[in-house]
Amino acid sequence: MASRSHPDAGSFRLSMLINDTRYRRVTFQIIALLLLCLAVGYLISNLLTNLSAAGLNISYDFLAEPAGYDINQRPIEYTSQSTHLRASIVGVLNTLIVAILACVTATVFGVIAGILRLSKNWLVSKIMAVYVEVFRNVPVLIWIIIIFTIMTASMPAPKAFRGANAESSMLFDMFAFTNRGVYIPAPQFANPLFENGLLNWVLVIAFLLLSFLGARALGKRASAEQASTGQRPTTWHLTLSIWVAPIGALMVIMGLYFDYPALKGFNFRGGLQIRGSLIALWIALAIYTGAFIAENVRAGILAVSRGQTEAAAALGLRPNRVMNLVILPQALRVIIPPMISHYLNITKNSSLAIAVGYMDVTGTLGGITLNQTGRAIETILLLMLFYLTISLSISAIMNVYNNSIKLKER
Amino acid sequence: MGDVSFVRTQTLPEMPPPVAEQGIVKWLRENLFSSVASAILTIIALWAVYKFTAFALPWIASGVWNTESLAACRNVLDGARGACFSVLTERWNQLLFGISYPAEHYWRPTVAFVLLFFAAAPVLFFDLPRKFLIFTGVYPFIAYWLIWGGTILSPAIALAGIIMGYFVYAKFIKSSFAVAFLGGMAVAFIIWILSGYIVPAIAPENPFFEAVPSRNMGGFMLNMILGTVCVSLSLPLGIVLALGRQSNMPVIKIICVFFIEFIRGVPLITLLFVANVVLAYFFPPDSNIDLILRVIIMITLFSAAYIAEVIRGGLAALPVGQYEAADSLGLDYAQAMRLIILPQALKISIPGIVNVSVGLFKDTTLVSVISMFDLVGAIRGPILAATEWNGVYWELFMFASILFFLVCYSISQYSQWLERRLATDHR
Chain U
1 MASRSHPDAG SFRLSMLIND TRYRRVTFQI IALLLLCLAV GYLISNLLTN
51 LSAAGLNISY DFLAEPAGYD INQRPIEYTS QSTHLRASIV GVLNTLIVAI
101 LACVTATVFG VIAGILRLSK NWLVSKIMAV YVEVFRNVPV LIWIIIIFTI
151 MTASMPAPKA FRGANAESSM LFDMFAFTNR GVYIPAPQFA NPLFENGLLN
201 WVLVIAFLLL SFLGARALGK RASAEQASTG QRPTTWHLTL SIWVAPIGAL
251 MVIMGLYFDY PALKGFNFRG GLQIRGSLIA LWIALAIYTG AFIAENVRAG
301 ILAVSRGQTE AAAALGLRPN RVMNLVILPQ ALRVIIPPMI SHYLNITKNS
351 SLAIAVGYMD VTGTLGGITL NQTGRAIETI LLLMLFYLTI SLSISAIMNV
401 YNNSIKLKER
Chain W
1001 MGDVSFVRTQ TLPEMPPPVA EQGIVKWLRE NLFSSVASAI LTIIALWAVY
1051 KFTAFALPWI ASGVWNTESL AACRNVLDGA RGACFSVLTE RWNQLLFGIS
1101 YPAEHYWRPT VAFVLLFFAA APVLFFDLPR KFLIFTGVYP FIAYWLIWGG
1151 TILSPAIALA GIIMGYFVYA KFIKSSFAVA FLGGMAVAFI IWILSGYIVP
1201 AIAPENPFFE AVPSRNMGGF MLNMILGTVC VSLSLPLGIV LALGRQSNMP
1251 VIKIICVFFI EFIRGVPLIT LLFVANVVLA YFFPPDSNID LILRVIIMIT
1301 LFSAAYIAEV IRGGLAALPV GQYEAADSLG LDYAQAMRLI ILPQALKISI
1351 PGIVNVSVGL FKDTTLVSVI SMFDLVGAIR GPILAATEWN GVYWELFMFA
1401 SILFFLVCYS ISQYSQWLER RLATDHR
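Chains as they are written, first to last, in the working numbering: chain U, 1 to 410; chain W, 1001 to 1427.
It is possible that part of the hints are untrue.
Unchecked claim - Simulated pairs of lysine to aspartate or glutamate, EDC-like, Cα-Cα distance not exceeding 20 Å:
| no. | chain 1 | residue 1 | chain 2 | residue 2 |
| --- | --- | --- | --- | --- |
| 1 | U | Lys120 | W | Glu1030 |
| 2 | W | Lys1171 | W | Asp1332 |
| 3 | W | Lys1347 | W | Asp1127 |
| 4 | U | Lys120 | U | Glu310 |
| 5 | U | Lys126 | W | Glu1030 |
| 6 | W | Lys1174 | W | Asp1327 |
| 7 | U | Lys126 | U | Glu295 |
| 8 | U | Lys120 | W | Glu1021 |
| 9 | U | Lys120 | U | Glu295 |
None of these hints come from the bench; they were simulated from the model.
Full structure from sequences and hints, please.
This is the structure in structure tokens:
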């Protein structure tokens, strides 16, 4: 009987393909692969038939043709004569702008709301609970439209700012809230180092990054000294000068000044115009996702067991050190992974821009370019490719991070 | 020296606790004014609540409920601040059923909606008799017949196919799951394909319920249809994908991983674009698949990927011992999954599945972007564009928000109740 359950390799029968676990795996996989190929082949043959029936083809030539439409928010140079490709790049940049703004703001809202919801103050914690429940349970599209309506229907028109006794006035003579958007002072350089405006800002960011690295190195050295001597050197003045001096010098060299918005004719000139669509998308994504982040933060802090706090207190640590050295490092391990997936959600939800006419990549490539060229398959493929790249790279970063903070047991 | 020693012979009566340590004062001190910072927060919060109420309450209280247009409403208000809720009463049916659903048939989706509660009850509450599940099984066909109308033969034959398939499955399940499952599917498909030829021939000229084409569906009804249909369809698909992703067969695993990561990596809007403009290219040239069905396909694929990830989490959370125990009992893969692994994994996944479902239900509003007139689409399109109601925003968006809030909040409360109910582990 034993030989029946372990037949020799030589005595292969066809029924073993389905009954013998050694071969069954292979059989199933081949069947699955065949089915997949059949399905894909069927879909593609349908596609080809339909395309040829409609006299269409798959081609990306349209990317090099002039786009012929205007984009109201242009982080890089763009005219209606620029190509569809450039229009898409403008869209991509606009997507990234609103995504980054919303991620930062959502984190601030979420952390504040999450901590306040744990507050011992009954009223405050209840208000935060209401905030979280109300915003989590209503579609983000409705929030975007509501805030867009506030920005366009409830704000005064620029002409309300005119005249000796105008109906509306600017805040501190610097900010103007109008139904065409919010005007804020624009930082400008009198004698920029580069012709291209963007490169100057890259330089500023590079300086800030260097300062950050310098301040971190300083902090590490101070910690090392504390570990060896027991005394932590006072470093705050050095840290402050590392942060302030380089960027200050750069600003002086480049001649920073602010261009204030001013009413000229029927509209505001100068300054930086933040359109209502950007604000609607930004704020709505931030408060909506902020509610989710608040729940994560709360869960993360609650996940640190009470014993940890008590043990730290028993060691004689003061409350803020308990927070910094014991609770936060453990809570962050729980908070950060879902936080990153919320950032991903913000990026994906920013595609709702199309509902309020913000020209992100869905509005340019997947909106006007698609409608003008009729190249639905190509544009939507490119659109998906863009979002996939962002998602997969953020997931990759997240995996690296997760591995680095994983509890190292035994 | 006189004797001043004193021994108390009876206990003193109990003193009342200090004022600051009892009743409302104690509560206020502990919960609102425990420290300076807390007191400041309380005052700021009180001020904000007051400001909000003082702003919103008069507006709601002096609302007008029965005028024909915004101008008439403004007339009634006579310059005072107040809401024009009359847009809700006047456009009530459009908000709920969409613009072009025939008015004389409004009762049909309403009945379907009421029946939905009876169909969902045995699924949601385990204490109800299991026999009620029969109605749950029949409900989709009744609901389809009620909402879309047309001949009763199509849903009836679809149901018949499933019943026959189930009989075949029940007959063979004792011998092998694969044979029973594939046999059941085959029988069901044969019946459906045959009915495709028979039904058009024998369908009556004037069906009992007048047929309503899909493009006439709209309003909150459309959100409900998309939400319930897509969630129920994506659950089995999600389970299959999750099992595929956990499989030890590399080809199947790779297919599932690719599918899940692709869907999760792109926004729902792009998938809706696919449904709107691309998907038709992938069907046979003469097939005429309407937009609502294409949207259901894409949203189902979308949520299936997310549900698959949730269930994968549940599968991974099970101790390996459970898998090994199933193996050592001599159960094959289908039996082990059906009897041992999935019941436990699904139980762990319930909160996640509910979260995905709530998110999906909220995301059904995105169909307004591809110009379907769901609740949001109906508000932004026909209602706000109409001359009578051009300019009433808040009342309409408030209504939409409240509707979604009610549904989503009650689902999440249910999920919390269920979690407590299912917590069988010892704490």
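Hints, verified against the model:
1. Only pairs whose Cα atoms come within 20 Å are accepted, and U:Lys120 paired with W:Glu1030 is accepted, the gap being roughly 8 Å.
2. Among the hinted pairs, W:Lys1171 with W:Asp1332 is consistent with the structure: their alpha-carbon atoms are about 19 Å apart, no more than 20 Å.
3. Distance check on the hinted pair: W:Lys1347 and W:Asp1127 sit about 16 Å apart at the alpha-carbon level, within 20 Å; holds.
4. In summary, the hint linking U:Lys120 to U:Glu310 is supported, as the alpha carbons are separated by about 18 Å, within the 20 Å threshold.
5. Proximity of U:Lys126 to W:Glu1030 is assessed by CA-CA distance (about 15 Å); at most 20 Å being required, the pair is judged to hold.
6. Straight-line distance between C-alpha atoms of W:Lys1174 and W:Asp1327 comes to about 18 Å, which keeps the hinted pair within the 20 Å bound.
7. With a C-alpha separation of about 14 Å, the suggested pairing of U:Lys126 with U:Glu295 holds against the 20 Å cut-off.
8. The straight-line distance between the Cα atoms of U:Lys120 and W:Glu1021 is roughly 17 Å, inside the 20 Å bound, and the hint therefore holds.
9. At roughly 17 Å between alpha-carbon atoms, U:Lys120 and U:Glu295 fall within 20 Å of each other, so this suggested pair holds.
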